[in-house]
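A.B. asks: Following the hints, put chain Y in place on chain U, whose structure we already have.
Note that the protein sequences, when read in sequence, are chains U and Y. Under our numbering, think of the first position of the first sequence as 1, with each following residue one higher. Under our numbering, think of the first position of the second sequence as 1, with each following residue one higher.
By construction, these hints were calculated from the structure, which means they are not laboratory data. For glycine and all other residues, C-beta sits at the position ideal for the given N, C-alpha and C. Hints are all accurate, no fakes.
According to the in silico footprint, chain U covers these stretches of chain Y (three or more CB under 8 Å from chain U):
1. 11-21
2. 44-58
Computed list of lysine-lysine pairs in DSBU-like fashion (alpha-carbon distance at most 35 Å, straight line):
3. Y/78 - U/258
4. Y/79 - U/20
5. U/17 - Y/78
6. Y/79 - U/17
7. U/498 - U/547
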Amino acid sequence: MIEQLLEWKPAGSPSWKSWKQEADRLVAALEAGEGDPEATGARLAELAHRLAGERLDPMQQLQLERLARRMVRFHRFLAPLRHIRLGVVSGRTLDFLLPALQAAGLGRLLLIEPQLAPLGSAAAIGHGAAAPFEGDLDAALYWHDATESFSATTLLDEQQEQAAFSASISQLRQTIAGLRSACGTEVMVTTSVTPRDRRISSIDGAMPGTMARFVQRTNSALLDAAAEGHCMVADIAALAADIGHAAWFDPMRHFELKAPFSMDLNPVVADFIARNLASRFGKARRALVMDLDNTVWNGVIGDDGVEGIEIGQGSPRGEAHLALQSLALELKRRGVALCVCSKNNDETARLPFTQHPDMALRENDIAVFHASWDDKATGIRAIAETMRLGVESLAFIDDNPAERARVREELPFVFVPEVPADPFRYATIVAASGAFEHQPLNSDDVLRAESYAADAKRAEISATVGNYDEYLQRLEMEMTISPFDEIGLPRIAQLISKSNQFNVTTRRHGRETLEEFRESGDYLCWQVRLRDAFSDHGMIAVVIVRKAGDDWIVDTWLQSCRVLERGVEQEIMDNLAERARAAGAKRLFAEYIATPKNAMVSDLFVRLGFDESATFPLEQDYEAANFVCDLREYSSAGTKISTSVDPEV
Amino acid sequence: MTNEAIYAEIEPVFRELFDDYEGPVNAELTGNDVDQWDSLGHVQLVVSIEQIFGVRFDPQEVTDLPNLGALVDLIAAKKSG
Numbered sequence: 001m002i003e004q005l006l007e008w009k010p011a012g013s014p015s016w017k018s019w020k021q022e023a024d025r026l027v028a029a030l031e032a033g034e035g036d037p038e039a040t041g042a043r044l045a046e047l048a049h050r051l052a053g054e055r056l057d058p059m060q061q062l063q064l065e066r067l068a069r070r071m072v073r074f075h076r077f078l079a080p081l082r083h084i085r086l087g088v089v090s091g092r093t094l095d096f097l098l099p100a101l102q103a104a105g106l107g108r109l110l111l112i113e114p115q116l117a118p119l120g121s122a123a124a125i126g127h128g129a130a131a132p133f134e135g136d137l138d139a140a141l142y143w144h145d146a147t148e149s150f151s152a153t154t155l156l157d158e159q160q161e162q163a164a165f166s167a168s169i170s171q172l173r174q175t176i177a178g179l180r181s182a183c184g185t186e187v188m189v190t191t192s193v194t195p196r197d198r199r200i201s202s203i204d205g206a207m208p209g210t211m212a213r214f215v216q217r218t219n220s221a222l223l224d225a226a227a228e229g230h231c232m233v234a235d236i237a238a239l240a241a242d243i244g245h246a247a248w249f250d251p252m253r254h255f256e257l258k259a260p261f262s263m264d265l266n267p268v269v270a271d272f273i274a275r276n277l278a279s280r281f282g283k284a285r286r287a288l289v290m291d292l293d294n295t296v297w298n299g300v301i302g303d304d305g306v307e308g309i310e311i312g313q314g315s316p317r318g319e320a321h322l323a324l325q326s327l328a329l330e331l332k333r334r335g336v337a338l339c340v341c342s343k344n345n346d347e348t349a350r351l352p353f354t355q356h357p358d359m360a361l362r363e364n365d366i367a368v369f370h371a372s373w374d375d376k377a378t379g380i381r382a383i384a385e386t387m388r389l390g391v392e393s394l395a396f397i398d399d400n401p402a403e404r405a406r407v408r409e410e411l412p413f414v415f416v417p418e419v420p421a422d423p424f425r426y427a428t429i430v431a432a433s434g435a436f437e438h439q440p441l442n443s444d445d446v447l448r449a450e451s452y453a454a455d456a457k458r459a460e461i462s463a464t465v466g467n468y469d470e471y472l473q474r475l476e477m478e479m480t481i482s483p484f485d486e487i488g489l490p491r492i493a494q495l496i497s498k499s500n501q502f503n504v505t506t507r508r509h510g511r512e513t514l515e516e517f518r519e520s521g522d523y524l525c526w527q528v529r530l531r532d533a534f535s536d537h538g539m540i541a542v543v544i545v546r547k548a549g550d551d552w553i554v555d556t557w558l559q560s561c562r563v564l565e566r567g568v569e570q571e572i573m574d575n576l577a578e579r580a581r582a583a584g585a586k587r588l589f590a591e592y593i594a595t596p597k598n599a600m601v602s603d604l605f606v607r608l609g610f611d612e613s614a615t616f617p618l619e620q621d622y623e624a625a626n627f628v629c630d631l632r633e634y635s636s637a638g639t640k641i642s643t644s645v646d647p648e649v
Numbered sequence: 001m002t003n004e005a006i007y008a009e010i011e012p013v014f015r016e017l018f019d020d021y022e023g024p025v026n027a028e029l030t031g032n033d034v035d036q037w038d039s040l041g042h043v044q045l046v047v048s049i050e051q052i053f054g055v056r057f058d059p060q061e062v063t064d065l066p067n068l069g070a071l072v073d074l075i076a077a078k079k080s081g
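Bound-form chain U, shown alone (with noise of 0.2 Å):
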């Protein structure tokens, strides 16, 4: 049973034991202090996520329980692994699972500390007794069971349901309130569980007085508790479910010891937590990292071509690698990146992308496209490095058990789930691994995840409307061009010295020269920033121009490339010759200083309606400038962009 329910994880590696002989010696030179502790920490911790990576059997287990509890003492060496000092509170007998937590954690990234008060301490700590813990904690454990606190009021009396009901939630706020200040912690609640004696009928979750209905409102409470910030949730009752409630229980250990679970269950049990607490320490993974044929589309592209490659609807297969894209879109509203790592060309790996009409994942989904003839490892690495993520943070799916074995043994942290040759599960593999578990949202992550969704949104109308004109009326952009100020100074240094591509002449100007600018009357200093029906941009260009007389100077213009193909720099360009005639200016230079990566602009001020090749007499600085504009005889190309120009400029 455990293998359907840790399915992510491999099995029966044959260097299972070789690596756990390695790591007994390693955590052997730790007590007895030879070796330098740091490089033994550091390969001590990958090979415990390894051990803990792979589903185990029952010997395995007790042998990697008793590795846990001989590393905890050692975390401040086992970096990337987070040490968590953990009390645990219950009116269940939990002792059975503290050790397996203990070897769960190793592969959820932690070290795992835990203490376990007495049995039913949880109503003194909310009576305001101290807890019964040593030393600090990092977190604490109240595993709550609603069918303690359970009356049996009259059947149907809804007001004398209710009144238990409030009487119970109120308790339970007071113990999690005393919790937390008694350690001194967050505390993580979990829901809690029916048991099958007490489930008679289908409407028991509707008929007031039945403990059916008491639990699940318990539970639901405990959600929106946690949603609001007061406690942490672990969702046992989900967990539960989803093992299912037969195997779930385990009467005689329950008569017998007051054991919540089946202790068959302890590894999935510790594992559930263990994720939780990962990510409320931030330990769950951030990116989802994707090989392409046969994982996200039936098929290979390069041998298949985009007609014969399957995905979506009309096949099996089709279905399941769509299920697979739609899980990915889920995670990225949630704020996870979605990266690429295909062996592939980087044009044919990406022609689903753009040519296959049921493709749900798109270009603009992806945040690092990968694709190399580099092997995977390789490609990971630098996606992470792309990202500025370490490789513990990151996820990996692939169909290729090769691929898939060479990635675990390069790259240790990188959590890489194991997934049969056909797909269909590939979607239920990820989610139920609960790599991405995560807690509450808060405004910003919705914010970030608002902005993907934007970018999918505008991907959308770029596939529905066909005139491209029409799809940029509907964008509804409005550009706002003010001078430099105080605020924007720190974004546009950071432009100054970032923007390689969509930057003319790539001036290196530190934050004095910038002042500088800014306080002398000789330059004209623009940020400018645009916003459109599905997103604020911020900040998308920077413009410095100098005023000599008749002729100015363009000495620096720069644009992010999130925001090209929109007529943005038409429009710029337009306001620019309007406020520099308005001031009297004849002629506006400029130039083009190539650079490995700016050969995007190389054409710009020609599309502009700039004459070429024209050589003037400048000043030193300016003595490239090859573009000159008649401001006269200037007309606007027009754009689809609305402008509000601060009067300041």
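C.D. replies: Here is chain Y on its own, set in the frame of chain U:
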């Protein structure tokens, strides 16, 4: 399943669970000889044995066992029955 085979499988379980104990693992061993083999340790041992040997114990069967030998006899009986 012979008692020898059962001891061969139990010993590593015993050593992982009760890792402070370094003496011999044999029939005469009792909770008095092993600090970690308290009531909690006993349940852990019993549950591990259930999982590893694929047997199931009634709580009555495994409380008040005089020594490890009695537990091994019980496993042998279950495996043959």
